[in-house]
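Novice: The primary structure of each chain is shown beneath.
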Amino acid sequence: MSEQVRERETRRLDRVVVRFAGDSGDGMQLTGEQFTSETATFGNDLSTLPDFPAEIRAPAGTPAGVSGFQLHYSDHDILTPGDAPDVLVAMNPAALKANLKDLPPGASLIVNTDAFTGGNLKKAGYATDPLTDGTLDPYLVHRVPLTSMTINAVHAAEGTGSVNKKEAERAKNMFALGLMSWLYHRPTDGTVGFLEKKFAKRPEIAAANVAAFRAGFNYGETTESFTVTYEVAPARMRSGTYRRITGNLALSYGLVAAGELTGLPLFLGSYPITPASDILHELSKHKRFGVRTFQAEDEIAGIGAALGASFGGSLGITTTSGPGVALKSETIGLAVSLELPLVIVDIQRGGPSTGLPTKTEQSDLLQAMFGRNGEAPVPIVAPRSPGDCFDAAIEAARLATKYRTPVFLLSDGYLANGSEPWLLPRRETLPDLKVTFTTEPNHTGPKGPEFWPYLRDPETLARPWAVPGTPGLEHRIGGIEKSDGQGNISYDPANHDRMVRLRAAKIAGIANDIPPLEVEDPSGQARVLVLGWGSTYGPIAAGCRRVRAKGLHVAQAHLRHLNPFPANTGEILRSYDKVLIPEMNLGQLRTLIRAEYLVDAIGYNQVRGLPFKAAELAGVLEDVINQ
Amino acid sequence: MTVTTNHTGISNRLLDLVPAAPAQQSRKDFTSDQEVRWCPGCGDYAILATVQGFLPELGIARENIAFISGIGCSSRFPYYLQTYGMHSIHGRAPAIATGLATSRPDLSVWVVTGDGDALSIGGNHLLHALRRNVNLKILMFNNRIYGLTKGQYSPTSEVGKITKSTPFGSLDRPYNPVSLALGAEATFVGRSIDSDRAHLTSVLRAAAEHPGTAFVEIFQNCNIFNDGAFDTLKDRSSRDDATLKLTHGEPLVFGAESDKAIRRTADGSLEVVPAGSPGVLVHDAAAADPSQSFALSRLTGDTHGVTPIGIFRSVDAPTYDEALNTQISDARARQGEGDLMSLISGGETWTID
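If you're matching them up, the sequences are chains W and G in order. Residue 222 in numbering that gives the first Met the number 0 sits at position 223 of the first sequence, with consecutive numbering throughout. Residue 11 in numbering that gives the first Met the number 0 sits at position 12 of the second sequence, with consecutive numbering throughout.
This list has only true hints and no planted wrong ones.
Non-contacting residues of chain G with respect to chain W, defined by C-beta distances greater than 12 Å in every case (computed):
| # | residue |
| --- | --- |
| 1 | 9 |
| 2 | 167 |
| 3 | 174 |
| 4 | 178 |
| 5 | 207 |
| 6 | 238 |
| 7 | 255 |
| 8 | 256 |
| 9 | 265 |
| 10 | 266 |
| 11 | 300 |
| 12 | 305 |
| 13 | 314 |
| 14 | 317 |
Distance ranges between label pairs, derived from CB positions:
| # | chain 1 | residue 1 | chain 2 | residue 2 | range |
| --- | --- | --- | --- | --- | --- |
| 15 | W | 456 | G | 147 | 31 to 39 Å |
| 16 | W | 56 | G | 161 | 50 to 58 Å |
| 17 | G | 167 | W | 435 | 54 to 62 Å |
| 18 | G | 336 | W | 618 | 51 to 59 Å |
| 19 | W | 503 | G | 25 | 40 to 48 Å |
| 20 | W | 576 | G | 336 | 54 to 62 Å |
| 21 | G | 340 | W | 56 | 37 to 45 Å |
| 22 | W | 459 | G | 340 | 29 to 37 Å |
| 23 | G | 171 | W | 567 | 55 to 63 Å |
| 24 | G | 34 | W | 503 | 29 to 37 Å |
| 25 | G | 32 | W | 567 | 46 to 54 Å |
| 26 | W | 618 | G | 332 | 56 to 64 Å |
| 27 | W | 457 | G | 148 | 37 to 45 Å |
| 28 | W | 435 | G | 32 | 21 to 29 Å |
No wet-lab data here; the hints were simulated from the structure. Ideal Cβ positions, reconstructed from N, Cα and C, are used throughout, including at glycine.
Can you make the complete structure from the sequences, with help from the hints?
Specialist: What follows is the structure in structure tokens.
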């Protein structure tokens with residue numbers, strides 16, 4: 000068919016946003032992941048946003064069951080998964096219905112026309128067929144009979160004799176991937192290899208998927224529907240070796256690294272909960288690192304076992320999301336009182352209650368900060384990007400072991416499932432966190448040497464960590480108030496006051512052991528500071544770039560430590576006329592900032608279960624700057 | 000891991016992982032300097048004395064023993080023992096002890112709990128510790144009342160109990176802790192009485208010898224809020240007729256005159272018959288199937304006029320701790336120790352110059 004190949008224009012773009020959307024059983028996450036994988040190896044910078052329903056198989060064909068995957072990639076460094084798609088692949092009417100509102104006029108749309116049957120239109124809530132009623136007029140529409148072409152291609156291929164029609168149809172996501180790979184000049188070898196490996200046990204299914212993938216690619220080559228293809232050159236990135244990584248994977252690796260760096264065996268006590276379960280899944284693979292994972296009977300037992308392991312000299316970890324933190328609160332308070340290391344990983348999701356299990360939110364900050372009885376301060380660390388989850392996990396473990404305290408690590412659903420290229424760290428750049436247990440008595444009593452479990456290090460105020468098995472240091476600790484130093488039960492009023500203040504001072508003192516807050520203000524002329532924390536870093540930085548490109552001045556600062564704040568935070572906040580705090584909650588950091596520094600910060604708050612968009616934040620910034 | 004032999008012959012494959020005491024220890028070695036603060040006359044004193052007297056028998060280093068408790072009168076227990084200990088939060092001791100025991104096979108880990116702590120707020124953790132068969136020894140002091148909160152009914156209080164929170168009588172039916180433990184397929188289930196030092200010591204010894212979770216219910220008198228709850232089982236005049244001492248391999252015969260025995264009825268439940276009747280059962284604590292042990296647990300003073308004490312069940316089964324630690328050693332033997340840098344650079348990578 001080479002005579003049909005016409006001269007086609009190849010347009011060079013600096014960035015592209017693509018979105019795959021289909022039924023939650025259509026394999027859209029896998030399709031998006033694979034397109035991303037090809038893009039990463041090609042050398043583009045990228046950022047991804049999976050968006051899927053909580054139900055494993057929501058009613059097929061309905062907007063509620065639509066699963067989407069968005070990828071933003073570029074020839075320069077980017078910060079977000081993109082505001083709006085340049086191209087949308089809609090596998091059925093429901094996917095079209097759920098996603099069309101995000102598609103700007105003029106954008107490309109690839110629709111699977113085979114799925115636009117009367118029944119599917121009805122399930123999607125379309126009274127008339129959007130393919131013919133003018134709904135799609137503003138878009139560049141490519142009508143592709145994806146399902147039937149997939150089935151034909153699979154049955155025509157070799158080695159697929161035993162594949163039935165239903166199995167053949169299931170390969171249609173690979174047809175879509177093949178077409179998109181052609182349209183955007185993505186390499187294809189990786190996908191073929193991936194499919195052969197994934198379906199190694201069922202070679203006929205592998206052959207079917209490869210056939211569908213190739214058919215999609217060849218369809219693009221031969222059809223006249225596409226007059227333009229697109230190229231995005233590799234990005235110029237810092238030199239080094241990269242891999243693509245999601246936040247939850249980076250966080251898991253950070254925990255394994257923390258075990259090695261502290262010299263402590265890792266013990267994870269956890270209960271399955273979206274979107275944190277992948278950390279349990281990942282860590283359960285790494286037995287050879289001495290990692291013990293314990294799937295407990297509930298959230299409380301998960302953290303209890305982790306704390307028990309910490310008592311025994313392990314690095315105790317528990318992973319959860321907001322509702323699980325609520326259940327763990329009492330044990331976190333016990334850990335505060337016992338002054339034992341513990342890392343509590345909270346992958347935040349929409350709340351309250353069950354809320355939005357698969358959607359992102361930053362609304363557990365105040366729960367992490369205050370969600371316990373009594374005065375129970377806990378350090379809080381928050382990563383800013385998927386790759387940064389690695390470093391944030393190590394930092395949480397550093398604080399937990401050095402200060403003998405539970406530490407919150409606040410990630411969220413967007414970081415957990417989103418991915419980006421990650422510059423692999425070199426071993427020698429990782430910090431030495433070696434822990435030394437106490438093995439000798441630390442006090443001389445009337446009868447000779449004694450061990451006082453609450454005799455503190457004068458600098459860090461951390462108490463000694465003597466683990467069972469250490470002769471002569473047998474001691475008992477508990478949740479009842481203890482006498483300062485000796486650690487015996489004490490109900491003495493003055494002692495309680497002193498212990499409460501000591502525990503508070505210990506955590507507050509961490510401010511001297513963390514880097515100062517840094518401000519990015521390229522022009523040095525900004526009068527407005529935008530302050531953020533956690534996963535909003537990317538959208539805020541992208542918004543700032545847009546504003547600066549218009550000649551306006553804005554400064555950006557981003558908090559990694561939320562308790563305590565870096566020592567210079569107040570000074571920085573007070574040096575600007577206005578402080579804007581965008582958050583995916585109703586103003587939790589803003590509440591803390593106003594209370595701590597009496598700075599009347601302005602909030603910008605959205606809780607839609609999705610990350611901010613760069614354009615949206617740019618608009619807000621402009622308004623604040625120009626007011 | 001130091002494999003050692005201890006001084007007294009109490010041994011099992013897990014206890015052998017715990018370092019032996021360098022020298023013979025005495026009760027004094029296990030007595031902490033803390034003033035004991037239970038009410039005068041509390042049954043806990045007797046249990047404490049028995050445990051302190053028994054621990055030296057284990058022959059293991061006291062620094063390798065840890066007692067974990069929850070909340071309640073019984074949960075103050077760890078403070079009075081010169082071992083490692085944690086007085087934790089209400090109901091959660093089995094979970095905390097699970098983390099400690101699975102991560103430290105060189106420790107002997109004990110849980111001290113009460114009927115409220117273990118069966119009410121912590122019921123879930125108890126069930127799961129039992130079914131997993133973690134290497135824990137769980138001592139549950141059952142006084143059938145809430146003591147530390149000053150006298151509310153507990154999950155083992157009899158129906159109609161008049162307490163501060165139930166002035167018209169309690170409404171909920173009590174648990175039978177032994178039935179509950181057997182229902183969770185606990186591999187070791189025993190029962191004893193606070194004041195019977197010799198019997199309690201024998202059950203503790205058997206619990207210590209058991210590799211895996213051992214659950215021991217100890218009838219304990221709260222002389223303030225539920226005094227005399229177990230008097231029938233303790234009074235010289237009544238105890239021999241009211242208790243059935245279980246001995247593995249022996250016929251189920253009891254009574255001051257050894258004149259009563261246990262037999263199975265047609266529906267599988269048990270009945271009390273005169274000794275010498277045909278079909279008297281022989282106690283088999285080691286039976287793989289827990290049915291007969293469960294049927295024994297259904298014998299109570301209220302229903303049959305007799306309460307069994309001793310070891311209902313003791314079967315050797317794989318423990319969670321061993322299985323978990325074997326997965327780790329197997330993975331290391333198969334793949335070698337983990338290498339951090341090759342882990343994080345796994346998958347597809349690309350290099351930019």
